[in-house]
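Asks: Sequence:
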Amino acid sequence: MLLHGTDALKQAAAAGRALPGFVVYNLETVQGITAAAEAAGRPVLIQAGSSPFKHAGRQALMRLALDAAEHSSVPLGVHLDHSRDLDEITACLEAGYTSVMVDGSHLPFADNIALTTEAVRRARGFGAWVEAELGALPGDEDVSTGATAQQSTMTDPGQAAEFVTATGVDALAVAVGNVHGFTKDPVRLDLERLAAIHDAVTVPLVLHGASGLPVEQLHGALARGVAKVNVNAELRRAYLEAVRGRLPDALPGSDVVAVWTAGRDAVRDAALEVIGRLSPSSAA
Numbered sequence: 000m001l002l003h004g005t006d007a008l009k010q011a012a013a014a015g016r017a018l019p020g021f022v023v024y025n026l027e028t029v030q031g032i033t034a035a036a037e038a039a040g041r042p043v044l045i046q047a048g049s050s051p052f053k054h055a056g057r058q059a060l061m062r063l064a065l066d067a068a069e070h071s072s073v074p075l076g077v078h079l080d081h082s083r084d085l086d087e088i089t090a091c092l093e094a095g096y097t098s099v100m101v102d103g104s105h106l107p108f109a110d111n112i113a114l115t116t117e118a119v120r121r122a123r124g125f126g127a128w129v130e131a132e133l134g135a136l137p138g139d140e141d142v143s144t145g146a147t148a149q150q151s152t153m154t155d156p157g158q159a160a161e162f163v164t165a166t167g168v169d170a171l172a173v174a175v176g177n178v179h180g181f182t183k184d185p186v187r188l189d190l191e192r193l194a195a196i197h198d199a200v201t202v203p204l205v206l207h208g209a210s211g212l213p214v215e216q217l218h219g220a221l222a223r224g225v226a227k228v229n230v231n232a233e234l235r236r237a238y239l240e241a242v243r244g245r246l247p248d249a250l251p252g253s254d255v256v257a258v259w260t261a262g263r264d265a266v267r268d269a270a271l272e273v274i275g276r277l278s279p280s281s282a283a
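Just so it is clear: in the sequence shown, position 75 is 74 by numbering that gives the first Met the number 0, and no numbers are missing.
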């Protein structure tokens, strides 16, 4: 069933947990994430977004994600991640996406407000909610690059309050030391800054780049208003390691199904582990 509205976000924030946002690239990652959500009995967001569209094709990946959500036994949202294109946002809304992320983090502050305001206006007509980003995370969304927090532009609490008020956005992704992908050095979030942002705004916060984040850092973020956490690199790594491990047995008989199945099951297991870390019993 499709997960509509922001109630799940607000409930997660109130319970000290977070809604996981998992990036998908193909059939196996969609199936693995759906299986994890059903096994855990938890709502999640299937994030079929701009970057994966380049691999799978927008129409094909949209339909895969929406079909999985519509036939799932637990509520699943379908989310457009990291889009800078208003036409792409409109196309996903028309297809039935339940939420979109408009990414104006690369723009000057006033231009980010203008882009986000227009995305919010378009989404309202479809009953979808909108996530935006203020501040800039280093690293690549699809490849772990060894980026460091020193390369980021941290979110300013005062600007965050102005931004949320001006745009009417429903959730705000922040830069507080988090990075995209795995890093060589442990990530240390600026939890004081995160708390100040939480105090300054009226909407749930979103943490991108949570793969490999120490558990105590993750739980500190949950306690400071983060209600949605994006995970990608952990699932990519699990998929690739499973495929690599299965190839020696699969290659003699060209058994591609065994390889795909191993990758799918590894994504399921990795997603289940993440869901557990974000559950109320593990939050601190």
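To be clear, the hints were calculated from the coordinates, so they are not data collected in a lab.
Just so you know, not all the hints are guaranteed correct.
Claimed, not checked - Distance ranges between label pairs, derived from CB positions:
#1 Leu85 with Gly40: 14 to 22 angstroms
#2 Gly211 with Asp254: 53 to 61 angstroms
#3 Gly167 with Val214: 29 to 37 angstroms
#4 Leu1 with Leu190: 48 to 56 angstroms
What the hints assert, rightly or not - Below, computed lysine to aspartate or glutamate pairings styled on EDC-like, alpha-carbon distance capped at 20 angstroms:
#5 Lys9 with Asp169
#6 Lys53 with Glu87
#7 Lys53 with Asp6
#8 Lys9 with Asp198
#9 Lys53 with Asp84
Here a beta-carbon is modelled for each residue, glycine too, at the ideal position from N, C-alpha and C.
Asks: Decide, hint by hint, whether the structure agrees.
Replies: Taking the hints in turn, this is what the structure says about them:
Under the hint 14 to 22 angstroms, the C-beta atoms of Leu85 and Gly40, about 36 angstroms apart, miss the expected range. One distance hint, 53 to 61 angstroms for the beta-carbon pair Gly211 and Asp254, is violated here, with the actual separation near 32 angstroms. At about 34 angstroms, the CB distance of Gly167 to Val214 agrees with the hint of 29 to 37 angstroms. Against the hinted window of 48 to 56 angstroms, the Cβ-Cβ separation of Leu1 and Leu190 comes to about 34 angstroms, which falls outside the hint.
Note on Lys9 and Asp169: the hinted pairing holds, with a Cα-Cα distance of about 10 angstroms set against a maximum of 20 angstroms. Annotation: proposed proximity of Lys53 to Glu87 holds, straight-line Cα distance about 12 angstroms (limit 20 angstroms). In summary, the hint linking Lys53 to Asp6 is not supported, as the alpha carbons are separated by about 31 angstroms, beyond the 20 angstroms threshold. This hinted pair checks out: Lys9 and Asp198 have alpha carbons roughly 15 angstroms apart, not beyond 20 angstroms.
Proximity of Lys53 to Asp84 is assessed by CA-CA distance (about 14 angstroms); at most 20 angstroms being required, the pair is judged to hold.
Against the hints set out earlier in the document, violations occur for numbers 1, 2, 4 and 7.
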